[in-house]
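S.K.: Protein chains in written order, with my numbering: chain A, 1 to 239; chain B, 1 to 302.
None of these hints come from the bench; they were simulated from the model. What you are looking at is a predicted structure, and each value in this text was computed from that prediction instead of being measured. One or more of the hints may lead you astray.
[Unchecked claim] Lysine to any residue pairs mimicking SDA-like chemistry, simulated, CA-CA at most 20 Å apart: (1) LYS93(A) to PRO40(A); (2) LYS93(A) to LEU169(B); (3) LYS93(A) to THR155(B); (4) LYS93(A) to LEU154(B); (5) LYS93(A) to LEU158(B); (6) LYS93(A) to ALA185(B); (7) LYS93(A) to ARG163(B); (8) LYS93(A) to LYS130(B); (9) LYS93(A) to GLU195(B); (10) LYS130(B) to GLU195(B); (11) LYS93(A) to MET164(B).
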Amino acid sequence: MHHVVLERWSRRASGLHARDARVKLAATLVVLLLIGTTVPSHPLAFAAEFVLLMAALLVSRLPIAGALMRAGAVLPFSAIFALVSWLAGDPAKAAALVIRGYMSALAVLLLVSTTPLPDLLRALSWFHVPRLIILITQFLYRYLFVLSEQAQHMRLAAASRAGGRRAGSGLASRFRAAAGALSVLFARSYARADGIHRAMIARGFSGEFPASALNPVRLMDFLFLGLTISAAVLIRTAA
Amino acid sequence: MHIPDGFLSTPVWAALDAVSIPAIGLLANRARAEIDEARIPLLGVMGAFVFAAQMINFPVGLGTSGHLVGGALLACLLGPGAAALVMTAILAIQALVFQDGGILALGANLMNMAVAGVIAGYLPYHWLGKTRYRRAGIFAGAFLSLLVSASLALTELLLSGVRMPGPVLGVSAGLFVVSALLEGAITVSVVSAIERLHPSWIGNPVPLRSTAFVLLGVGAVLLGGIGFVFASQSPDGLQSLAERVGIAGQANAIVAGPLADYQMHGLASPVLRRAAAGLAGVLGIWIACLALGRMISRRRAA
Chain A
1 MHHVVLERWS RRASGLHARD ARVKLAATLV VLLLIGTTVP SHPLAFAAEF
51 VLLMAALLVS RLPIAGALMR AGAVLPFSAI FALVSWLAGD PAKAAALVIR
101 GYMSALAVLL LVSTTPLPDL LRALSWFHVP RLIILITQFL YRYLFVLSEQ
151 AQHMRLAAAS RAGGRRAGSG LASRFRAAAG ALSVLFARSY ARADGIHRAM
201 IARGFSGEFP ASALNPVRLM DFLFLGLTIS AAVLIRTAA
Chain B
1 MHIPDGFLST PVWAALDAVS IPAIGLLANR ARAEIDEARI PLLGVMGAFV
51 FAAQMINFPV GLGTSGHLVG GALLACLLGP GAAALVMTAI LAIQALVFQD
101 GGILALGANL MNMAVAGVIA GYLPYHWLGK TRYRRAGIFA GAFLSLLVSA
151 SLALTELLLS GVRMPGPVLG VSAGLFVVSA LLEGAITVSV VSAIERLHPS
201 WIGNPVPLRS TAFVLLGVGA VLLGGIGFVF ASQSPDGLQS LAERVGIAGQ
251 ANAIVAGPLA DYQMHGLASP VLRRAAAGLA GVLGIWIACL ALGRMISRRR
301 AA
């Protein structure tokens with residue numbers, strides 16, 4: 001599954017993995033701004049931005065084809081609007097929608113597949129994102145794996161009991177069966193949340209996850225950020 | 001409908017970031033004092049539940065199926081404030097981990113789904129939840145929640161100059177209504193199933209302690225709308241809309257701030273100016289959030 005693969009990728013080692021999460025976050029914002037403000041009439045700028053992203057992908061030593069494919073998840077959405085724009089007589093806008101959407105997704109993919117999510121959240125909290133939102137996101141991410149696996153088990157179990165394929169079972173009853181499955185999933189999630197909280201209290205939870213301190217930003221990190229910004233400025237001024 | 005990056009024009013995403021990110025920050029800082037610590041794991045797990053719930057398919061006939069979107073369900077289960085925070089966490093994870101929805105467009109998606117979608121999902125339940133039309137209230141909430149989110153997203157795309165001819169708009173409006181009806185049906189049947197399992201989990205709507213939240217939401221939607229009109233000076237969809245409504249002239253007269261036309265004077269290339277203005281906008285948003293957070297925590301400490 002997508003998030004499991006990303007989680008594994010983010011634990012690898014490379015020049016890009018080693019950079020500080022705050023610096024990578026800032027660099028990603030710069031690249032997103034660069035891509036987002038490139039106008040359709042500058043195809044060379046799009047090419048240069050793609051080269052920049054490919055360079056980062058090479059440095060990250062992630063599987064290139066796999067990463068390019070995963071960023072393509074945004075394409076169905078883009079394609080619909082691009083098609084509509086194209087039919088409405090604006091082919092340049094259509095191309096820009098697809099290209100900008102795809103390259104922005106690739107930039108974010110590069111960020112999350114070279115930065116473990118806890119580090120990323122710590123960086124966000126350094127940028128003063130409210131603690132409550134960080135905490136909820138942390139819990140959500142942890143139990144995302146567990147609950148989606150549970151949902152899959154339930155789906156498998158229902159399928160092996162021939163749920164939904166029975167002859168004579170009407171749409172309404174299958175609809176109600178799905179609602180029942182969801183309510184069971186809800187009950188299990190609720191019980192799990194309760195259990196988690198008790199376990200946390202038993203271990204002396206003080207309202208704060210023990211966070212290892214952020215490492216100081218090193219010279220290499222500054223160089224990386226400087227390089228990204230100058231590449232962005234160069235592309236913007238040259239194109 | 002999660003808007004990816006690269007779809008919204010700079011004025012639109014910047015205006016929405018500037019409105020909804022501080023609004024959520026304000027809400028989080030308020031909630032932090034009010035929320036019982038035991039509920040924090042519950043909120044996270046509920047977010048994960050909404051994710052997992054999308055794996056369970058609801059048959060709609062004709063061989064197709066739909067799934068729960070969940071904004072209204074969360075609003076009924078957790079109350080609007082907490083639901084908005086959970087939706088924020090969901091949208092953040094979707095944008096970061098699943099590349100579903102953009103980072104620069106996060107403010108727009110927050111406005112559509114975490115603020116407007118949750119408020120639209122909660123209000124009918126709040127008004128009808130104690131009467132005998134309770135189920136109708138839940139249905140209406142889920143229906144409205146999806147419809148409001150989707151039409152806001154469509155409006156933002158139109159304002160950004162993504163061209164959509166009349167027939168396309170008609171078809172998408174039809175699709176929205178169908179999926180909104182489906183969301184209503186799913187939410188009602190899931191809520192009834194949960195009530196059969198454990199009646200106390202879904203309480204009656206509590207009186208809105210935070211009228212401030214509703215005001216904030218309504219204000220944010222209004223501000224967002226005004227933000228569009230005032231911020232964009234580019235000759236795209238927004239301009240033609242403003243001209244049609246007849247406020248373009250007034251808007252041009254009013255906007256004369258340093259970021260007017262989203263360009264900063266003193267920089268040579270027009271493209272560079274736009275980029276610099278965008279960057280300044282992001283910085284401005286960040287500083288505003290920071291200042292707001294400081295102000296609130298200081299007031300609470302005093």
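S.K.: Going back to the hint list, which numbers does this structure go against?
M.R.: As far as the earlier hints go, 6, 8, 9 are violated by this structure, in ascending order.
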